[in-house]
Amino acid sequence: MKIDIILCGVGGMGALSSAAIISEAALEMGWYMKQAETHGMSQRGGDVQSHLRLSDEPIASDLIPEGQCDIILSVEPMEALRYLPFLHKDGWVITNEKPFVNIPNYPDFDAVLAEVKKIPHHILLDADAIAKEVKNPKGANMVVLGAASKYLKIDIEKLENAVRSIFGKKGDAVVEANIAALRAGRAVADK
Amino acid sequence: MEKLLLLGDEAIALGAIDAGLSGVYAYPGTPSTEITEYIQESKLAKERGIRSEWCANEKTAMEAALGMSYAGKRALYCCKHVGINVAADCFVNSAITGTNGGLVYLAADDPSMHSSQNEQDSRFYADFALIPALEPSNQQEAYDMVRYGFELSEKHKVPVMMRVTTRMAHSRAGVERREMLPQNEKSYPADKMQYILLPAVARRQYKALLDKQAHLIEASETSGYNRYIDGTDKKLGIIACGIAFNYLMENYPDRKCPHPVVKISQYPMPEKMINRLFDECDEILVLEEGQPLYERLLRGLLNRGGKPIHGRLDGALPRTGELSPNLVGKALGMTVSEGMPVPSLVAPRPPKLCDGCPHIDSYTALNEAMKSFPGGRVFSDIGCYTLGALPPFEAIYSTVDMGASITMAKGASEADLLPSVAVIGDSTFTHSGMTGLLDCCVDNANVTIVILDNEITGMTGSQKSSATGRIESICQGIGVAPEHIRVINPLKKYFEENVQVFKEEIGYNGVSVIIPRRECIVALNKRLKAAKKNQTK
Numbered sequence: 001m002k003i004d005i006i007l008c009g010v011g012g013m014g015a016l017s018s019a020a021i022i023s024e025a026a027l028e029m030g031w032y033m034k035q036a037e038t039h040g041m042s043q044r045g046g047d048v049q050s051h052l053r054l055s056d057e058p059i060a061s062d063l064i065p066e067g068q069c070d071i072i073l074s075v076e077p078m079e080a081l082r083y084l085p086f087l088h089k090d091g092w093v094i095t096n097e098k099p100f101v102n103i104p105n106y107p108d109f110d111a112v113l114a115e116v117k118k119i120p121h122h123i124l125l126d127a128d129a130i131a132k133e134v135k136n137p138k139g140a141n142m143v144v145l146g147a148a149s150k151y152l153k154i155d156i157e158k159l160e161n162a163v164r165s166i167f168g169k170k171g172d173a174v175v176e177a178n179i180a181a182l183r184a185g186r187a188v189a190d191k
Numbered sequence: 001m002e003k004l005l006l007l008g009d010e011a012i013a014l015g016a017i018d019a020g021l022s023g024v025y026a027y028p029g030t031p032s033t034e035i036t037e038y039i040q041e042s043k044l045a046k047e048r049g050i051r052s053e054w055c056a057n058e059k060t061a062m063e064a065a066l067g068m069s070y071a072g073k074r075a076l077y078c079c080k081h082v083g084i085n086v087a088a089d090c091f092v093n094s095a096i097t098g099t100n101g102g103l104v105y106l107a108a109d110d111p112s113m114h115s116s117q118n119e120q121d122s123r124f125y126a127d128f129a130l131i132p133a134l135e136p137s138n139q140q141e142a143y144d145m146v147r148y149g150f151e152l153s154e155k156h157k158v159p160v161m162m163r164v165t166t167r168m169a170h171s172r173a174g175v176e177r178r179e180m181l182p183q184n185e186k187s188y189p190a191d192k193m194q195y196i197l198l199p200a201v202a203r204r205q206y207k208a209l210l211d212k213q214a215h216l217i218e219a220s221e222t223s224g225y226n227r228y229i230d231g232t233d234k235k236l237g238i239i240a241c242g243i244a245f246n247y248l249m250e251n252y253p254d255r256k257c258p259h260p261v262v263k264i265s266q267y268p269m270p271e272k273m274i275n276r277l278f279d280e281c282d283e284i285l286v287l288e289e290g291q292p293l294y295e296r297l298l299r300g301l302l303n304r305g306g307k308p309i310h311g312r313l314d315g316a317l318p319r320t321g322e323l324s325p326n327l328v329g330k331a332l333g334m335t336v337s338e339g340m341p342v343p344s345l346v347a348p349r350p351p352k353l354c355d356g357c358p359h360i361d362s363y364t365a366l367n368e369a370m371k372s373f374p375g376g377r378v379f380s381d382i383g384c385y386t387l388g389a390l391p392p393f394e395a396i397y398s399t400v401d402m403g404a405s406i407t408m409a410k411g412a413s414e415a416d417l418l419p420s421v422a423v424i425g426d427s428t429f430t431h432s433g434m435t436g437l438l439d440c441c442v443d444n445a446n447v448t449i450v451i452l453d454n455e456i457t458g459m460t461g462s463q464k465s466s467a468t469g470r471i472e473s474i475c476q477g478i479g480v481a482p483e484h485i486r487v488i489n490p491l492k493k494y495f496e497e498n499v500q501v502f503k504e505e506i507g508y509n510g511v512s513v514i515i516p517r518r519e520c521i522v523a524l525n526k527r528l529k530a531a532k533k534n535q536t537k
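If you read the sequences in order, they're chains A and B. In terms of my numbering, the first sequence has 105 at position 105, counting the first letter as 1, and numbering is strictly consecutive. In terms of my numbering, the second sequence has 340 at position 340, counting the first letter as 1, and numbering is strictly consecutive.
Next up, chain B with everything else stripped away, as it sits in the complex (with noise of 0.2 angstroms):
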């Protein structure tokens, strides 16, 4: 069959397609978001009628990706790492639930967070859990391994994480297609009870999930994608995760490693190999890109005497951040080639609000009307306007998680820091900003909401936001008084009276949402263009 250059990304959806799939249910996320947007560009994932629109919020995704599951259908979740924390109540329970159709839940990894507010390593959640992990090594396993991912879950009953990095994610290579599937009928779980997690089934249910471990651990031993290769050098042997394993051969021209490897690309760890590994060599080096989950696990509490474990926690390779081939390098004992430094006069080149968004109108305009309430703080949230954080704006005080925004305003109101000021963009409004804002109308807490509505999910490349055309009425239906509710144009031109709404509601003593709306202007000038073409041809 014919090779296609495709991201990561890209082979996991197509993998995916060719494997049946009947939905993907995601809420976007960098460095995953490519993945879902592959299969509703796809014409092919249209002919097989493969569910595709993007969800609330990564909970919401979850769940309904375990209903089709339920159905007996194959289902894919994608989701940045730290979505896998939105969605970790359903994570953790449909591990005991177990599945029907063949569940794969995909969580991009952003390791030396080039788009993250944390490194968080997703092969945690999967051990927590119980459930087996995948994490392909390139971009023809991504593909290959969604396939197996289906096959292990419908086999075993349980959702399978596959997790990918960055660079993984946002890499490109040649993939081979293999035939397609048709997807599976519709069926119903054979026991009534196993979606039932009263406790009583709990127990059993968790009692079946401990028993399925010696499984998943043969099958890490046997699929294939775990492999012993031996080598002539005992003095170091290496276990290499998911891509870490590039970075080990990039080190040898010849791809030939003379210390024995462990290639780990399925956890649970094939024990048998591990255990080989320990006895046959002097000393162990581990290679994980994250963090050091099985490095921890090797050590233990209690390595005195023990053999010599080596990676991120002994300083062989660094705490945080990705990993390199000359790092691997170092760690491995080898000198490794240098370029020239980097002249001390380049600056850095941060990223910015792009020219005409309209989220700079409403931060000078915010800014204007704070300047009458000394004192005050202006708490964020998750999105494009994060940036009003940097110079010029150095508007906002606060950026911790999807949502956040509303309730750290809110407990700081309730300790007197007044005014308590929350900004946050429309797509995490509906994300995970709704309840919050429940939660200050139920305790009439004196708070100002600035819901900036630019009608789409702007920094992940313009998704369609759940909120459109549906904020003012949400905020109403909550309980905001419809006096409170203002919605603004954020453009130079209404600056005074756009300064007048802020301070007017920043000085009312209760719950008010001011909504500045302007489209995104890279999502403007992407719709001009579509546009544009049309009208050409």
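If we strip away everything but chain A, and leave its shape as in the complex, we get (with noise of 0.2 angstroms):
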């Protein structure tokens, strides 16, 4: 059994909190992991990226080999795109369909959609949407997370926990705020 995910968006969207939820998940359940970041220059408001890589056997490399990846998970839809060299051709693409707009060339929108709807496996939902709905407008990265763990292995309850111990520090409102948009991104992926 092997997982190997890409996280991404741009720089303080949340991608890497989320790479740390299902690390803290996939180490209480006793796996491998392995787990590459951007750090530095590219996290100010550039595109930013995390291998993940979960496996019940010791792990190799700390990148994900190109045409490997089973799922992309971002939070930006053209950052989705960026990283389709590495899925593989069974693999998912969960992905916020709402663009963040911090370049001038960002291209149509329409576009940008429409090459997601071409990749055989891909869920598009707006992610910032269904955040705004259950009260927690910065929680995207939690309804993405949630729509994907359907196709993670990993027990929604085990990505509650680990929820729980990560932002456990910020308060029980934070980490309700977070439980509620990781249900509502699984609702809509149960859909």
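Treat the hints loosely; a few may be bogus.
Incomplete in silico selection of chain B near chain A, CB under 7 angstroms [said to hold, decoys possible]:
| hint | residue |
| --- | --- |
| 1 | His-170 |
| 2 | Arg-172 |
| 3 | Asn-246 |
| 4 | Met-249 |
| 5 | Ser-324 |
| 6 | Pro-325 |
| 7 | Ser-337 |
| 8 | Gly-339 |
| 9 | Met-340 |
| 10 | Val-342 |
| 11 | Pro-343 |
| 12 | Ala-347 |
| 13 | Arg-349 |
In case anyone wonders, no lab produced these hints; they're calculated from the structure. All C-beta atoms in this analysis are idealised placements derived from N, C-alpha and C, irrespective of residue type, glycine included.
Put the complex together from the two separate chains, hints included.
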């Protein structure tokens, strides 16, 4: 059993928090894991990515080989497309459909979504809107993670425990808001 | 013991604390910053009184680490690869003085230049200075190797380099801790002359360093960090250094390579293992994460009719950039998996200055002022403000090394390129800008130095800046006339008056300093958040 995941987005959107939550849950399950992150200059509004590898056997490379990634989990639709060379032919792309425009040459929104729809296995969701519905406007990353949880082979309860452990310091309100976003995302995937 | 989920950097930090560290000395630099930060934030380190504040630059940091080692204690120095350039004088000479307490120099290289201006390979420095280098292939090795590095350093009385790359530094995995060692007691070097590099002593010490080499090679053969893994298919023998070993193994799902492999994580090279590989195999493939240092050494200048040696130099692997599982697979002649191409509409999303960043207002005002001085040039430096090179600012014309803005502006002004303006951050100024400013004052150069003071080391993630609260007095002390040290507030509402200040000082024939001062927006938000959290407690 192995799952290779790329989590991506734009610096500050919470892609790395999602990676930390999956890692925590995987560690609790006794899996091997490696998680490579982008730090430093690229965090200033640039594209960020994390390679997250989970397996019940020891893992060799910190980087996912091209064409082997099982899930691309993105908080921004154009960013999801950036990592397609890594996606396995049967892999899933699960992405927020709400573009984050901080460059002057951002492509046509509909064309971006059309490219996502060409991928055989994909889930597109308006994570920003869903996050607002559950009164957690900053929780789009949790919504996307919830939607992806269906394909992660990790029980959603384990992810919820990881949210409690990681956000616990920030208080119960933050924990509950993030769990609500996680569940709302999962509900979309289950539909 | 419990497994902890740690970044490579954190594993190194914890490994050092558990190995009896007494002090860490460093200047922030991606991808090495998290090591020192981890120690600064560690309760355990605090309880044990481990010294961990940031230093002014890599040279002062390394020299202080050498001083702690002189006093018999275990010291860790950390920097990004280019930091070794700054500290190179101490680096090379400390190999000749040797050590007393264990001394580990950690260099974090950045192949592919994710956050750097070059991809130099620090192993060259270790080879050049004739000291051992350790290159972990996973986080557990990173943890264990710091301890081993201190032992090796104390046994052979040499500093030991530990070299990691971005992927190692910034990748997380489970790490098991070992028992904690006490710190060393203070002790004096046995030989009073050991650190006095007068020529007569230096010749003796250098000879001693050369005599240590055979022992260091022996350590590389026997430490267990280098391994000869035999294989049945001897058409090819593989030398896999550091994390390149992982990329090799990724290509074999059962983790069994049919070819003999020498896994290298400790230098100097284990000569017996390399000779055996060379004797038994028809061709050699060298996998190095970084520059082809050992591939070149093995090939030599005259590899005429010798066994073929493959790697970055013959095109089996790309000449530059990070390795990856698929690049290594291709070098092995395998068919590797491919995904889908990136759709052509995907636009690059380069990093940019944050909304509300004070540098935005500084550059906007500077650009406006420079319109009055056609033919002028703005020389810049290393920091977030380097992003002023990109649209919409396109304000700067150089970024070379820490502090070069000031001295390049000086040199250009002396070639009658006027006006020559330097833009440098507060932390970069105290790192390596002060001596350049002294040159300007001594020569009364016609330059304008803009010290962007956001009161923090910004780009590496809000570390304390040694410059905070000191810039005006430093500039005055160095010799800048007080009336030409101008502090401005880089805010939109002061645009007109800020442009005026820039124009006046750029127009002045002599050394002037303008200090746009406003707190980094990221640091400000962090501070407000922390204050709010404390209030609700």
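Results of checking the hints against the structure:
Given hint, His-170 (chain B) at the interface with chain A, holds; its Cβ is 5 angstroms from that chain's nearest Cβ, closer than 7 angstroms. For Arg-172 (chain B), the suggested interface contact is upheld, since its CB lies about 4 angstroms from the closest CB of chain A, less than 7 angstroms. Hint on Asn-246 (chain B) holds. Least Cβ distance to chain A is approximately 5 angstroms, under the 7 angstroms limit. Using the Cβ-Cβ criterion of 7 angstroms, the hint placing Met-249 (chain B) at the interface with chain A is satisfied: the shortest such distance is roughly 4 angstroms.
Interface hint status for Ser-324 (chain B): upheld, as the beta-carbon distance to the closest one in chain A is roughly 6 angstroms, under 7 angstroms. Hint status for Pro-325 (chain B): holds, given a least beta-carbon distance of 4 angstroms to chain A, under 7 angstroms. Checking Ser-337 (chain B) against chain A by beta carbon gives a least distance of about 3 angstroms; that is within 7 angstroms, so the hint holds. The restraint placing Gly-339 (chain B) at the interface with chain A holds, with a minimum CB-CB distance near 4 angstroms, inside the 7 angstroms limit.
Taking 7 angstroms as the C-beta contact cut-off toward chain A, the hint placing Met-340 (chain B) at the interface holds, the least distance being around 4 angstroms. The closest approach between the C-beta of Val-342 (chain B) and any C-beta of chain A is roughly 6 angstroms, which is under the 7 angstroms cut-off, so the hint is satisfied. Among the interface hints, the one on Pro-343 (chain B) holds; its C-beta lies about 5 angstroms from the nearest C-beta in chain A, closer than the 7 angstroms criterion. With a cut of 7 angstroms, the hint placing Ala-347 (chain B) at the interface with chain A holds, because the nearest CB-to-CB distance is about 5 angstroms.
For Arg-349 (chain B), the suggested interface contact is upheld, since its CB lies about 5 angstroms from the closest CB of chain A, less than 7 angstroms.
When held up to the earlier numbered hints, the structure conflicts with none and fits them all.
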